[in-house]
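Enquirer: Chain by chain, the residues run as shown.
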Amino acid sequence: MAYDDEDPTATPPPAIARDDSSTVEIEDVEDAEADEAVSDFRKFASSLPGAANGGGGGGGALKNKKAAPHVSGKTVRRGEKDFESHGTRLQENALETSRTAMHDVLSYTRTRVPDNYMTGWYFPDHWAQEAGEDEKPEGLWRRDRVVALEAEKGQMTKSMGRVLRGAPKNMPGWDKAWLLPEEALYLVERGDLLLRWPRGSIEDIFPPPEEVDGLKREVARGEDGDYELGLPLSLQAAYSLFIGHEGDRGKVTLEKFQVYSQLRRAGYLVSRASPLLDPPPPSDTQTLWQRLFSLISSPKSDTPKSHPAMGPLVKPGLHRSYESVYHQLSLIPRHKPTPNPNTPAPEGPFTVAYHVFKSRPGFTKTNLPAPDFRIAVVNARTTDVPDLAEMEALLDSTPWDPPNARSGAGGPGIGHMYQRLKHGWRNVIVAVNDNGMVSYLEFMETAFGEEKLFERFDAKPRQGGKKSSGRNQRAGVVVVEAAGAVEAVGGKGGFLHPHLLLVHLRHPR
Amino acid sequence: MAHPDYLTDLASTVFENLESQHDWTLLESHTHKQSSLPESSKTLLPRPLLTGLPPKRLYLHPDDQVELVKTHATYTVDETPEMEWVVPMHLNEQFTLKQLAEVFDSLEMPEPLAEGRCKRLLMAIVHDDSTVVYYFVHDGIVKPRQN
Amino acid sequence: MTSSSPRPHVRISKAANRYLVFDIDDVMYLRRNHNICSVFVGTMPQAPQQSAFMGLPIELMAEEAQVLVEKNVAFVVDDSNYHPARIAAAGPQDRQYLDAVKTVTSDAQRSMREQTEARKAMYANKGTTPAAATTTKNSPVTREAPEAWMATLTTSGALLTPSPGQDEQLASVDVPASYPLYAHLQDKGYFMMPGLRFGCDYNVYPGDPLRFHSHFQATGFQWNEDINLLDLVTGGRLGTNVKKSFLIGGRVESEEQHKDNTDATRDVRAFSIEWAAM
Chain A
1 MAYDDEDPTA TPPPAIARDD SSTVEIEDVE DAEADEAVSD FRKFASSLPG
51 AANGGGGGGG ALKNKKAAPH VSGKTVRRGE KDFESHGTRL QENALETSRT
101 AMHDVLSYTR TRVPDNYMTG WYFPDHWAQE AGEDEKPEGL WRRDRVVALE
151 AEKGQMTKSM GRVLRGAPKN MPGWDKAWLL PEEALYLVER GDLLLRWPRG
201 SIEDIFPPPE EVDGLKREVA RGEDGDYELG LPLSLQAAYS LFIGHEGDRG
251 KVTLEKFQVY SQLRRAGYLV SRASPLLDPP PPSDTQTLWQ RLFSLISSPK
301 SDTPKSHPAM GPLVKPGLHR SYESVYHQLS LIPRHKPTPN PNTPAPEGPF
351 TVAYHVFKSR PGFTKTNLPA PDFRIAVVNA RTTDVPDLAE MEALLDSTPW
401 DPPNARSGAG GPGIGHMYQR LKHGWRNVIV AVNDNGMVSY LEFMETAFGE
451 EKLFERFDAK PRQGGKKSSG RNQRAGVVVV EAAGAVEAVG GKGGFLHPHL
501 LLVHLRHPR
Chain B
1 MAHPDYLTDL ASTVFENLES QHDWTLLESH THKQSSLPES SKTLLPRPLL
51 TGLPPKRLYL HPDDQVELVK THATYTVDET PEMEWVVPMH LNEQFTLKQL
101 AEVFDSLEMP EPLAEGRCKR LLMAIVHDDS TVVYYFVHDG IVKPRQN
Chain C
1 MTSSSPRPHV RISKAANRYL VFDIDDVMYL RRNHNICSVF VGTMPQAPQQ
51 SAFMGLPIEL MAEEAQVLVE KNVAFVVDDS NYHPARIAAA GPQDRQYLDA
101 VKTVTSDAQR SMREQTEARK AMYANKGTTP AAATTTKNSP VTREAPEAWM
151 ATLTTSGALL TPSPGQDEQL ASVDVPASYP LYAHLQDKGY FMMPGLRFGC
201 DYNVYPGDPL RFHSHFQATG FQWNEDINLL DLVTGGRLGT NVKKSFLIGG
251 RVESEEQHKD NTDATRDVRA FSIEWAAM
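Heads up: the sequence lines are chains A, B and C, in that order. Its first residue numbered 1, the first sequence is counted upward by one per residue in full-length UniProt numbering. Its first residue numbered 1, the second sequence is counted upward by one per residue in full-length UniProt numbering. Its first residue numbered 1, the third sequence is counted upward by one per residue in full-length UniProt numbering.
Worth flagging that the hints you see were computed from the coordinates, not collected in a lab. Be aware that one or more of the hints could be misleading.
Unchecked claim - Which residues of chain C face chain B? A few of them, derived with a C-beta cut under 7 Å, are: (1) F40; (2) A118; (3) N224; (4) G236; (5) S245; (6) D267; (7) R269; (8) A270; (9) S272.
Stated by the list, open to error - Straight-line C-alpha distance at most 27 Å; calculated DSSO-like pairs for lysine-lysine: (10) K153/A / K358/A; (11) K119/B / K102/C; (12) K102/C / K153/A; (13) K56/B / K243/C; (14) K70/B / K243/C; (15) K119/B / K243/C; (16) K102/C / K81/A; (17) K81/A / K98/B; (18) K336/A / K452/A; (19) K188/C / K98/B; (20) K358/A / K336/A; (21) K158/A / K315/A; (22) K126/C / K81/A; (23) K70/B / K98/B; (24) K358/A / K422/A; (25) K188/C / K56/B; (26) K56/B / K81/A; (27) K98/B / K56/B; (28) K102/C / K143/B.
Stated by the list, open to error - Chain A is faced by these chain C residues, among others (derived, beta-carbon under 7 Å): (29) A15; (30) M28; (31) Y29; (32) N33; (33) Q46; (34) P48; (35) V69; (36) D79; (37) M150; (38) T154; (39) T234; (40) V252.
Every residue, glycine too, gets a C-beta built ideally from N, C-alpha and C.
So that you can see chain A by itself, here it is in the shape it has in the complex (with noise of 0.2 Å):
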């Protein structure tokens, strides 16, 4: 029982404090479709408002934003499945009910009542002439914004569109909020937004203010009406238009747009990371928290020392105190998280794509609070496992966040190890998307060598707590044999084992 101490199960486990309540709701989404369990359309279908007319087509039109259904995914639960065909009818028969009513279900036409959704015009390159290319590093990404908007209705644009100040008033379209394609391309998704390819040119659309007597209008009108004024666009058109590679302006990758449109359905406000929206890393390179173990912790034990070629590893004798000895065993250099690594800026995919933020009260577009998440987006099939270099250029490109009381993971001493640990230092989430499937994957920059377990051997035995009696009252150790202490063991890291024998010497009292 002289180890017994070391045992991890001997302390309670610290109760998670850290509010990581929606990083969990990120791995329902994905646990509801992680089993190949496909969803079941018939109950789904059913569980739809106006299923009882039957579905599709023109029924869209009562499903407005008032019959809006709230439908969970979790509250329809999935049919049986079976492992193998039977080739028996009923087998045959549930099939063909499952693919009808995935067929009426999605047979939908998008249809809004007038006045219940917004029209937006795509002007791809307006911001893109007027900007020019020295956009000034406000993060706004103002020449990607392609959409305009008529007008700001609804929910969904207290995240979403921006209007771009300092745009010269005479300029058509200046006090327009304008879209981002992931933002357009979603809303036209949802059935929010009607996309319209202009005929004429943005004054057509948006007349100056000296013509706002809308005269130009009135003249485009003729046998078609309204629509000559611009087409409104399917889905299809808007996937071509919005969808693009790395880099295309005013397009989005579809990887990207998923991940955005995922989070969004999941109840996220998501904006594209700008820096700007970080903090500055702290000017004092020491935080509290940092100060505070540095005074607990000796100053001389982070740095490794140096040994006799043959060892030993541990000079034989009395040591008093486990520290003096650990100090002595510490050959691997440790990672120290540092607030200011001079490390160059992520390149390729492995940069952070989206800021999140989970729903709150009071959240404006134009003053974002700092993110929830930052997550990156790659694309599984063209990506490899990102390396080390990549890792690290990824998350100190992230605000540092150390472990401690304020960023939610507890405070110090042995009860808040595994919430340190797991909190690390900086944090990003990775989004692997497979052709439409999206896994997330939570990257932490952690410090083993910030938790000195040893520590705690040196503690001074609890006072009168009957399960101390013995077994906690130290009195030294004695190093009896160390030679040939350190070999190596083959492999890429090349992993250092020592062998070590130590006796732990209990002195009755």
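Assemble the complex: chain A is given as a structure, and chains B and C must be docked to it using the hints.
Expert: Same frame as chain A, now just chains B and C:
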């Protein structure tokens, strides 16, 4: 012609593991294809292989599982063991589809395979600490067993 | 569905190297006749706050697009270029397209009117009116021009009809190295889904995933590509946990073997791996 020593050693490690830990019987090592030719002109196998008899049946095709359920009121697994081919490998090794195909092509089955069934072998994977894990490899698309 | 009358080819929309199908009839046709179901990637407008049930479009894997092109049942159009060009080229197809939009809006209008009438009648019978009154007050129902209603069609339909002499721009498909294994399994009637969740190339189903659990996690290799034994162990072990076999395979690169087979999909050899539970 003979196999390199490390393959022979690997085979004996697995031989002992099967014999001592898993109670296999009738274990045999094979280095050459079985034939009536004199020892010197037999074809060397791609790798040393083992055959042996496990104490009870190791594999039941899912169709046979279904058949058993149908024919017996209660589900009783056929306990009659079958001879298995074993290919010893080390965890640090790499292999190719081509090599796997060659191993299968060198296997001689004691009796012809039933319709729709294909060859199988037991891949014995040895780790440095002499742990051995066993995986069935089928020479074709074989659906998983249901449990 | 099994009639021999030629069905129009499935139109696959290629956008930035991704392959999308928007027409629900095409989607169901692929599902029923070509064991291809793919992933629904669109937000469902009827229930936009969940991700368990997804809507159009479906995103095909490049392998699926290629198989369909080889079977001559689909064609791939570079819609990033072709589609905007067709919208910009105002022409007679606009009228046809707008007619479809108008049909949808006037259907929606009529259906709304009928619904309101029905509700009114119901409440009149019951002698209570409040709900019906609110509805009529809040929805400016009947007499707007159809274009005051919003309709977003799922596909661009007539707008994409090529004008005579103008071909839709056929695009190529870039398939990954695992394509032979995909084509082999597809040919045998399996349904494949992306394998990300199971750490493989394809999640392989013996029938429509609506009805069946998958049997395999499959990963394609080149005939002479080195495979780490550890990858086989992890694949086999994971498969056991989720009641699947780990399937590896690839195109045979040998002059002698399978000489009689010229069909590329058959010139594939695959191996199934299961934990032996010992």
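Enquirer: Hints first: check each against the structure and report whether it holds.
Expert: Hint check results:
The closest approach between the C-beta of F40/C and any C-beta of chain B is roughly 26 Å, which is over the 7 Å cut-off, so the hint fails. Annotation: interface hint on A118/C violated; nearest CB of chain B at approximately 51 Å, more than 7 Å. The restraint placing N224/C at the interface with chain B holds, with a minimum CB-CB distance near 5 Å, inside the 7 Å limit. A cut of 7 Å between beta carbons decides the hint on G236/C: the least distance to chain B is about 5 Å, and the hint holds.
At a threshold of 7 Å, the smallest CB-CB gap from S245/C to chain B is about 4 Å, leaving the interface hint in force. Of the supplied interface hints, the one on D267/C is violated, with its beta-carbon coming no nearer than about 12 Å to a beta-carbon of chain B, more than 7 Å. A least Cβ separation of about 6 Å between R269/C and chain B falls short of the 7 Å threshold, and the interface hint therefore holds. Residue-level restraint check for A270/C holds (minimum Cβ-Cβ distance to chain B is 5 Å; threshold 7 Å).
Nearest Cβ of chain B to the Cβ of S272/C: about 4 Å, under the 7 Å cut. The hint holds. At most 27 Å may separate the alpha-carbon atoms for a hinted pair to count; K153/A and K358/A meet this at roughly 21 Å. Pair hint K119/B plus K102/C does not hold up; C-alpha atoms about 63 Å apart against a cutoff of 27 Å. For the suggested pair K102/C and K153/A, the alpha carbons sit about 24 Å apart, so the restraint of at most 27 Å is met.
For the hint pairing K56/B with K243/C, the CA-to-CA distance comes to about 22 Å; that is within 27 Å, so the pair holds. Our distance criterion of 27 Å between C-alpha atoms is met by K70/B and K243/C, whose separation comes to about 22 Å. For the proposed pair K119/B and K243/C, the alpha carbon gap of about 21 Å is at most 27 Å, so the pair holds. For the proposed pair K102/C and K81/A, the alpha carbon gap of about 42 Å is over 27 Å, so the pair is violated.
Taken as a hint, the K81/A and K98/B pair is broken in the structure, with Cα atoms around 36 Å apart against an allowance of 27 Å. With a C-alpha separation of about 13 Å, the suggested pair K336/A and K452/A falls inside the 27 Å cut-off, and the hint holds. A C-alpha spacing of about 22 Å is found between K188/C and K98/B, which places the hinted pair at or below 27 Å, so the restraint holds. Simply put, K358/A and K336/A have alpha-carbon atoms about 31 Å apart, too far for the 27 Å limit, and the pair is violated.
Distance restraint check for K158/A and K315/A: the Cα-Cα separation of roughly 67 Å exceeds the 27 Å cut-off, and the hinted pair is therefore not satisfied. Of the supplied pair hints, the one linking K126/C and K81/A is violated, its CA atoms being roughly 45 Å apart against a limit of 27 Å. With a C-alpha separation of about 39 Å, the suggested pairing of K70/B with K98/B is violated against the 27 Å cut-off. With a CA separation close to 20 Å, the supplied pair K358/A and K422/A stays within the 27 Å bound.
Taken as a hint, the K188/C and K56/B pair is broken in the structure, with Cα atoms around 34 Å apart against an allowance of 27 Å. Between the alpha carbons of K56/B and K81/A the distance comes to roughly 32 Å, so the proposed pair goes past 27 Å and is violated. About 32 Å separates the Cα atoms of K98/B and K56/B, which puts this hinted pair outside 27 Å; it is violated. Pair hint K102/C plus K143/B does not hold up; C-alpha atoms about 52 Å apart against a cutoff of 27 Å.
The beta carbon of A15/C is positioned within 7 Å of a beta carbon in chain A (closest approach about 4 Å), and the interface hint is therefore held. This hint holds: M28/C has a C-beta 5 Å from the nearest C-beta of chain A, less than the 7 Å allowed. With its C-beta approaching chain A no nearer than about 10 Å, Y29/C sits outside the 7 Å limit, and its interface hint is violated. Contact between N33/C and chain A, as hinted, is not supported at the beta carbon level, the nearest pair being about 12 Å apart and thus beyond 7 Å.
Because the smallest distance between the Cβ of Q46/C and any Cβ of chain A comes to about 5 Å, under 7 Å, the interface hint for this residue holds. For P48/C, the suggested interface contact is upheld, since its CB lies about 5 Å from the closest CB of chain A, less than 7 Å. For V69/C, the interface hint is violated, since its Cβ never comes within 7 Å of a Cβ in chain A; the closest pair sits about 17 Å apart. With its C-beta approaching chain A no nearer than about 4 Å, D79/C sits inside the 7 Å limit, and its interface hint holds.
The closest approach between the C-beta of M150/C and any C-beta of chain A is roughly 4 Å, which is under the 7 Å cut-off, so the hint is satisfied. Restraint check, T154/C versus chain A: the minimum CB separation of about 5 Å is within 7 Å; hint holds. For T234/C, the shortest C-beta to C-beta distance to chain A is roughly 14 Å, which exceeds 7 Å, and the interface hint is violated. Proximity of V252/C to chain A is violated relative to the hint, the smallest CB-CB distance being about 25 Å (cut-off 7 Å).
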